[in-house]
Amino acid sequence: QKTAEIDSLIANKEKMIQLLQEMRQAIISEAITKGLYKNVKMKDSGVEWIGEIPAHWRLYKITWIFNLISSGTTPSSINLEYYDGSIPWVNTGDLNDGYIYDTPKKVTEIALKECSALKLFPVNTLLIAMYGATIGKLGITKIVATTNQACCALVGHNNAIIKYIFYWFLANRNNIISMAYGGGQPNISQNLIKSLRVPLPEIEEQITIANFLDQKTSKIESLISYIQTQITKLHEYRQSLISEAVTGKIDVRDIGQSAEGGVQNDCNAG
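What the sequence shown shows, in our numbering, is residues 1 to 270, in sequence order.
One or more of the hints may lead you astray.
Said to hold, decoys possible - In silico DMTMM-like pairs for lysine to aspartate or glutamate, Cα to Cα no more than 20 Å straight-line:
hint : residue 1 : residue 2
1    : Lys-216   : Glu-244
2    : Lys-34    : Glu-48
3    : Lys-38    : Glu-205
4    : Lys-34    : Asp-214
5    : Lys-41    : Glu-52
6    : Lys-163   : Glu-221
7    : Lys-233   : Glu-52
8    : Lys-219   : Glu-202
9    : Lys-163   : Glu-48
10   : Lys-41    : Glu-221
11   : Lys-34    : Glu-236
12   : Lys-38    : Glu-221
13   : Lys-119   : Glu-81
14   : Lys-163   : Glu-202
15   : Lys-43    : Glu-205
16   : Lys-13    : Asp-214
17   : Lys-219   : Asp-84
18   : Lys-34    : Glu-204
19   : Lys-41    : Glu-30
20   : Lys-105   : Asp-84
21   : Lys-216   : Glu-22
22   : Lys-41    : Glu-205
23   : Lys-219   : Glu-22
24   : Lys-216   : Glu-81
25   : Lys-163   : Glu-81
26   : Lys-34    : Glu-205
27   : Lys-219   : Glu-204
28   : Lys-34    : Glu-14
29   : Lys-233   : Glu-5
30   : Lys-41    : Asp-84
31   : Lys-106   : Asp-84
Unchecked claim - Cβ-Cβ distance ranges computed for the label pairs, FRET-style:
hint : residue 1 : residue 2 : range
32   : Ser-225   : Lys-41    : 37 to 43 Å
33   : Asp-44    : Pro-186   : 24 to 30 Å
34   : Asn-191   : Thr-229   : 29 to 35 Å
35   : Lys-41    : Asn-191   : 31 to 37 Å
36   : Lys-219   : Tyr-37    : 44 to 50 Å
37   : Pro-186   : Glu-109   : 33 to 39 Å
38   : Ser-243   : Leu-192   : 36 to 42 Å
39   : His-157   : Lys-105   : 36 to 42 Å
40   : Asp-97    : Leu-59    : 57 to 63 Å
The set of hints was computed from the structure by calculation and includes no laboratory data.
C-beta atoms are modelled at their ideal positions from N, C-alpha and C, and glycine is treated no differently.
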């Protein structure tokens, strides 16, 4: 009875998190596609899955926005001189749809020197997971870092602020993944990313939209985090309740007799 009650509470809270995540996505998509100002004149973007955009916005190819679109590599694990260094090495599992301040894995100066595909990317590099379980995940570096080959790095932005482009990719993640190729392991290659066209307002409007989304999503994420903490505590309470009951720390004799009596009465009534 008790675990059923707890499980029901957990299910309700998980549903609440799902609804909040959907709300977050809807807010981002609306702001990135339509802007914040109502009753503005709209026009066809020319991209089917984007639809209409404000008439004063312009379409830019990703290659027009970024000076460099690249990726990294995985240094040979056989060579112990390549690892446990001081240079952050971002893997797709480190992408958290937010800022990246550090990485659990680091490589050495020797790895950087001997592995030509291993590159140092500057602060404010936008990273996108191209394949694997985290496909489409995003991150903005707040450190100078290298990456593995599954991260696409977008470096040196023009005509755009990085947080706005981050939100654009977040809003359109499902559409971009749907264009991935490959059966068992879909891949949103660098070429696919380079071919994307992004509708952009002027810089001032981008800043306004990004700040608005920072504020809105921060509130939702705080609420989600609070609910997740509640769920964790409910799981812990459920486990401790079961443990105490089966080890005799909770006297359940009266509960058992009451339950048995209820069953007998129901049978007699039948």
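Tested hints:
1. Lys-216 <-> Glu-244: Distance ~43 Å between Lys-216 and Glu-244 Cα, so the pair is violated.
2. Lys-34 <-> Glu-48: 15 Å, holds
3. Lys-38 <-> Glu-205: The hint holds at about 14 Å.
4. Lys-34 <-> Asp-214: Cα-Cα ~17 Å, so holds.
5. Lys-41 <-> Glu-52: Given pair Lys-41, Glu-52 holds - Cα atoms ~10 Å apart, limit 20 Å.
6. Lys-163 <-> Glu-221: This hinted pair holds, its Cα atoms lying about 17 Å apart.
7. Lys-233 <-> Glu-52: It is violated: about 45 Å lies between the C-alpha atoms, which goes past 20 Å.
8. Lys-219 <-> Glu-202: 26 Å, violated
9. Lys-163 <-> Glu-48: 24 Å, violated
10. Lys-41 <-> Glu-221: With Cα atoms ~32 Å apart, Lys-41 and Glu-221 exceed 20 Å; violated.
11. Lys-34 <-> Glu-236: 44 Å, violated
12. Lys-38 <-> Glu-221: 26 Å, violated
13. Lys-119 <-> Glu-81: Holds. Lys-119 to Glu-81 sits at ~17 Å (cutoff 20 Å).
14. Lys-163 <-> Glu-202: Distance of about 14 Å is within 20 Å: holds.
15. Lys-43 <-> Glu-205: OK: Lys-43 and Glu-205 at ~18 Å, within 20 Å.
16. Lys-13 <-> Asp-214: Status violated; Cα separation ~24 Å.
17. Lys-219 <-> Asp-84: Violated: Lys-219 and Asp-84 sit about 37 Å apart, past 20 Å.
18. Lys-34 <-> Glu-204: 16 Å, holds
19. Lys-41 <-> Glu-30: 15 Å, holds
20. Lys-105 <-> Asp-84: 7 Å, holds
21. Lys-216 <-> Glu-22: 13 Å, holds
22. Lys-41 <-> Glu-205: Answer holds: Lys-41 to Glu-205 is near 16 Å, not above 20 Å.
23. Lys-219 <-> Glu-22: 14 Å, holds
24. Lys-216 <-> Glu-81: Not OK: Lys-216 and Glu-81 at ~45 Å, beyond 20 Å, violated.
25. Lys-163 <-> Glu-81: 36 Å, violated
26. Lys-34 <-> Glu-205: 12 Å, holds
27. Lys-219 <-> Glu-204: Outside the cut-off at roughly 23 Å; violated.
28. Lys-34 <-> Glu-14: Violated, at roughly 30 Å.
29. Lys-233 <-> Glu-5: Within the cut-off at roughly 14 Å; holds.
30. Lys-41 <-> Asp-84: Judged against 20 Å, a Cα distance of about 55 Å means the pair is violated.
31. Lys-106 <-> Asp-84: 5 Å, holds
32. Ser-225 <-> Lys-41: 37 to 43 Å: 39 Å, holds
33. Asp-44 <-> Pro-186: 24 to 30 Å: 29 Å, holds
34. Asn-191 <-> Thr-229: 29 to 35 Å: 42 Å, violated
35. Lys-41 <-> Asn-191: 31 to 37 Å: With a Cβ separation near 34 Å, Lys-41 and Asn-191 satisfy 31 to 37 Å, so the hint holds.
36. Lys-219 <-> Tyr-37: 44 to 50 Å: 22 Å, violated
37. Pro-186 <-> Glu-109: 33 to 39 Å: Once the Cβ atoms are compared, 35 Å apart, the range 33 to 39 Å for Glu-109 and Pro-186 holds.
38. Ser-243 <-> Leu-192: 36 to 42 Å: 51 Å, violated
39. His-157 <-> Lys-105: 36 to 42 Å: For Lys-105 against His-157, whose Cβ atoms are near 26 Å apart, the range 36 to 42 Å is violated.
40. Asp-97 <-> Leu-59: 57 to 63 Å: Violated - the Cβ-Cβ distance for Asp-97 and Leu-59, about 25 Å, lies outside 57 to 63 Å.
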